[in-house]
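Peer 1: Chain B: place on chain A using the hints.
Listed in order, the protein sequences are those of chains A and B. Under my numbering, the residue at position 1 of the first sequence is numbered 1, and the numbers go up by one with no gaps. Under my numbering, the residue at position 2 of the second sequence is numbered 2, and the numbers go up by one with no gaps.
You may find that some hints are simply not true.
What the hints assert, rightly or not - Among the chain B residues that face chain A by a calculated CB cut under 7 Å, a handful are:
hint: 1; residue: Ser28
hint: 2; residue: Thr31
hint: 3; residue: Tyr40
hint: 4; residue: Thr43
hint: 5; residue: Ile44
As the list claims (entries may be wrong) - Estimated spans, in silico, between C-beta atoms of each pair:
hint: 6; chain 1: B; residue 1: Gln18; chain 2: A; residue 2: Asn62; range: 35 to 45 Å
hint: 7; chain 1: A; residue 1: Lys11; chain 2: B; residue 2: Gln18; range: 21 to 31 Å
hint: 8; chain 1: B; residue 1: Thr43; chain 2: A; residue 2: Gly63; range: 39 to 49 Å
hint: 9; chain 1: A; residue 1: Gln70; chain 2: B; residue 2: Gln18; range: 38 to 48 Å
hint: 10; chain 1: A; residue 1: Phe79; chain 2: B; residue 2: Gln18; range: 41 to 51 Å
hint: 11; chain 1: B; residue 1: Ser28; chain 2: A; residue 2: Asn62; range: 26 to 36 Å
hint: 12; chain 1: A; residue 1: Asn62; chain 2: B; residue 2: Thr43; range: 11 to 21 Å
hint: 13; chain 1: B; residue 1: Lys19; chain 2: A; residue 2: Leu45; range: 46 to 56 Å
hint: 14; chain 1: B; residue 1: Ala9; chain 2: A; residue 2: Ala81; range: 50 to 60 Å
hint: 15; chain 1: B; residue 1: Thr17; chain 2: A; residue 2: Pro71; range: 42 to 52 Å
Rather than coming from a laboratory, the hints here were simulated on the basis of the structure. Every residue gets a Cβ at the ideal spot worked out from N, C-alpha and C, and that includes glycine.
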Amino acid sequence: MDEMQKLQLMKLEEHSFWIIFWTLCAIVVGQALMGAGFREIAGELAALLIAGGCVTVLCLKNGLWSVSYQPSRKTNVVFSAGAALALGAVYALRAFLVLRKPASLELAWGIVLPMAAVFAVCFVLLEVLRGVYKRRRDQLDDVEEHKE
Amino acid sequence: MARNVKIKAARAELDMTQKALADAVGVSRQTMNAIEQGNYNPTIRLCRAICKVLGKTLDELFGEENDDEQ
Numbered sequence: 001m002d003e004m005q006k007l008q009l010m011k012l013e014e015h016s017f018w019i020i021f022w023t024l025c026a027i028v029v030g031q032a033l034m035g036a037g038f039r040e041i042a043g044e045l046a047a048l049l050i051a052g053g054c055v056t057v058l059c060l061k062n063g064l065w066s067v068s069y070q071p072s073r074k075t076n077v078v079f080s081a082g083a084a085l086a087l088g089a090v091y092a093l094r095a096f097l098v099l100r101k102p103a104s105l106e107l108a109w110g111i112v113l114p115m116a117a118v119f120a121v122c123f124v125l126l127e128v129l130r131g132v133y134k135r136r137r138d139q140l141d142d143v144e145e146h147k148e
Numbered sequence: 001m002a003r004n005v006k007i008k009a010a011r012a013e014l015d016m017t018q019k020a021l022a023d024a025v026g027v028s029r030q031t032m033n034a035i036e037q038g039n040y041n042p043t044i045r046l047c048r049a050i051c052k053v054l055g056k057t058l059d060e061l062f063g064e065e066n067d068d069e070q
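One chain only, chain A, in its complex shape (with noise of 0.2 Å):
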């Protein structure tokens, strides 16, 4: 195999990646919809967990972040908010769809607080990745120039 067959294979598997972790991402989603307990998604969820922690790890080692956005505050409030909103959408989707309950205060409580939670969870871990990159970008830079 020559390089650009290399590359190719490379790219190939990327996409693949992706799409297996988006599909395993929606299937978690939707079996949650269905009404399925914690143990009938846990290993849809360690295998989310264990490939997204190796992406994260490996990115951090390497003084990667994103291909399209910068490490930023203002970023990681918008993505932390997404993931809340989703969750949201979720609970809020089984609730009234699935589970058929009536809407009540305690309900909407048992919604917004979850989402309170996972923004400040997926914030607080955004921001200690943020800084870890940081400093590992620091890192990796000042090698390369001692180099020189």
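Peer 2: Frame of chain A, contents of chain B only:
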């Protein structure tokens, strides 16, 4: 990306087929064709191997003037 006609011309000078050049530098004919068609940017290592086989310099085969050719 512009087509690299200089490689084709250099091959013709040596009466070398695309397959022969590909074999000489250790890549597939598909890759050599992609380089000549301007669909793939080879690494500097492969560029140097191609130059060595064709007896040309990097500038002669991959110089900036190639960017203007269609």
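Peer 1: Evaluate each hint against the coordinates.
Peer 2: Each hint tested on the structure:
no.: 1; hint: Ser28; result: holds, 6 Å
no.: 2; hint: Thr31; result: holds, 4 Å
no.: 3; hint: Tyr40; result: holds, 5 Å
no.: 4; hint: Thr43; result: holds, 6 Å
no.: 5; hint: Ile44; result: violated, 11 Å
no.: 6; hint: B:Gln18 with A:Asn62: 35 to 45 Å; result: holds, 36 Å
no.: 7; hint: A:Lys11 with B:Gln18: 21 to 31 Å; result: holds, 24 Å
no.: 8; hint: B:Thr43 with A:Gly63: 39 to 49 Å; result: violated, 22 Å
no.: 9; hint: A:Gln70 with B:Gln18: 38 to 48 Å; result: holds, 43 Å
no.: 10; hint: A:Phe79 with B:Gln18: 41 to 51 Å; result: holds, 48 Å
no.: 11; hint: B:Ser28 with A:Asn62: 26 to 36 Å; result: holds, 29 Å
no.: 12; hint: A:Asn62 with B:Thr43: 11 to 21 Å; result: holds, 19 Å
no.: 13; hint: B:Lys19 with A:Leu45: 46 to 56 Å; result: holds, 51 Å
no.: 14; hint: B:Ala9 with A:Ala81: 50 to 60 Å; result: holds, 58 Å
no.: 15; hint: B:Thr17 with A:Pro71: 42 to 52 Å; result: holds, 50 Å
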